[in-house]
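Chain by chain, the residues:
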Amino acid sequence: MKARLCAVLLALAALALLYGITFGSTPADRDATRPTSFEVGAGGYSALHEWLQSARIGTRSLRSDYRALEGMTSDFPTGNVLVVTLPGSATLLSRDVIPLHLWVRRGNTLLVFAALCDAPDWASGAQLRSLSGDIGMLTGLEAIGTRQGTGAFLATPEVSRWVPALDHPMLEGVRAVEAVSDRTVPPCAIGLPPGRGALALLRTADFGVGGRDDGAWVLPRGDGWVVLASQASPFSNRALGRADNARFASNLIRGSLAPGGVVIFDDGLQGAPEPYDMRRLLTDPRLHASLAALMLLWLAWIAGGTRLRAPPTPARR
Amino acid sequence: MELRATTIEDALTPQFASQLRLCLRAARASVGGEPLGLQRVSLTVSCPEVALRLGAGPLPGMRGRWLDEDGSMTLRQLGDLLRLVEAAAEPKPFVGQMSSLRLKSIIESLDPAARGELSTRTRLARWWRSLIGEFDPTQRGQEQRRRRVEWPLGLWSSVSWIAFATAALLVASVLVQEIRAALALRISRRRREPRRTVQRAAPVDLAALDALPPRERAGAMLRAVAARLHESGTIVTPDPLTPREVQGGARLPDPDRAALAAVTSSAEIGAYGREEPSASALAQARRAASRWLATGAARRWPWPRTGAGRAA
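Chains as they are written, first to last, in this note's numbering: chain P, 1 to 317; chain L, 1 to 312.
So that you can see chain P by itself, here it is in the shape it has in the complex:
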């Protein structure tokens, strides 16, 4: 009886395990979700994306390199917004940023959310190594106190708070902005290279404590703007409803957009695959080279490797 009970319990445990493995996790329940416009998990921007669409603001998903910005905004070349979240699953070194800078200088806005002073779950591992360089490449600002490794995972997410640094139209109705971290973060700060001016929009409520100087800055670049937030999570699904984050997002985007402008999410940097383009495939010279090599092999096989007549059958004894 005891053995039978034990067997039943073990069988139930096996079933529960199978169920958990097969059906246990929903997309939103996964540990780490990337900050892309279509991601419905905690780290995604699907809520912001849907909110913009409901306000009849055009949105795009950038899946290829920054040269595609030109084509995506050909109807309205200025007054567009590009949302970039760092660190990406790929480094910016693999993408050409010069077209991005030209695009911004023409009169567009680049919003950079860098996980420098917060630590969402998705920002971990080797990606953090390139974070400082990526921030410098995109904004010209210098990240001080960049993390070299992933911090300790927290049982309860830590909430950090920003407060307005000045009275500014972008901060109308904004009293606080909150970010959520899943890991511990060492004190961090943003440094400004000489000869550049930046206006601090938000600053941490713990300003100066332990050398902390994080927040959000706005920098003019040509006829465009670069906005750097040293935390990546304020506009994510799980933080957009906190404090006045949504109000800040609304002000920032509506204030940066021109009529007819679109908001572009850099999903490609977060690993979103490029949409399939048959025409591009057919014009790719690598395809033609591969096909030519295959045909040559086939020809060689036909000409020299095949037996054109069946071999004579050995006589049976």
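All clues given are correct.
Short, incomplete list of chain P residues facing chain L, as computed with Cβ under 8 Å:
(1) Ala47
(2) Gly241
(3) Ala258
Simulated from the structure, these hints should not be mistaken for laboratory data. Here the structure is a predicted model, which means the values were calculated and not measured. Each residue gets a CB set at the ideal place from its N, CA and C atoms; glycine is no exception.
Assemble chain L onto chain P, guided by the hints.
Positioned in the frame of chain P, the structure of chain L alone reads:
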């Protein structure tokens, strides 16, 4: 010129923006068409009001010191400052309307986990993850080197010692249990096994035996011998079915085996023979049987080789 520090609210005004615009226009006119904007202009000379406002130190809220010690800045810096002040003091109207109610419904339609609500399962998973830590192969530098040195001496050392002690305890307990089980089995077997009582066979009345008819005498003689042999532990059963069974099952030295053969032979003839056993055979059997029937309980087998078991 007396310079004074100003607050950011003082600087981000339409008046200051218009002063900057005039200053930038004058500066551009003075340096000509310099496309990169790296040409320096002295504001203390061309725009004293602006230089006065920018003051001696960095503006609160603004990073960096705009003016150099000599009161100059580049055209690009002047342009950037103008754009910052314009954006703050003369904002353009926002595009579109974004309803907070709509956002609320969008957020509510998300999965609770995506909204940041932690279920019990998620809390447990997070707690477990925070407890065991995460594998991060990118940890480098001092932290990793320190860990390499300290962990074996610290936690991992304790863990390995605990594991070793547990294994030793396990082995010891297994050994103790095995020994206890073996001893208990032996003791219980002894307790359970009734002490073999030697049933004393009844003394044989030899006179009555001799008075029996030959067939029955041979059989009775064998039964009496078998009872004695069983009593001494030489055969297993006191009631063998056949005379051969007695002979075959008895564990006896050769001389006794020959004597037993004489007894069983006469009993066999008495039991199965057409004719009754002869007087000589009976007499031989009687002599042979006398070694058992004439004595009490014999000693257990094995008999000493000296033949002391025959008679005591």
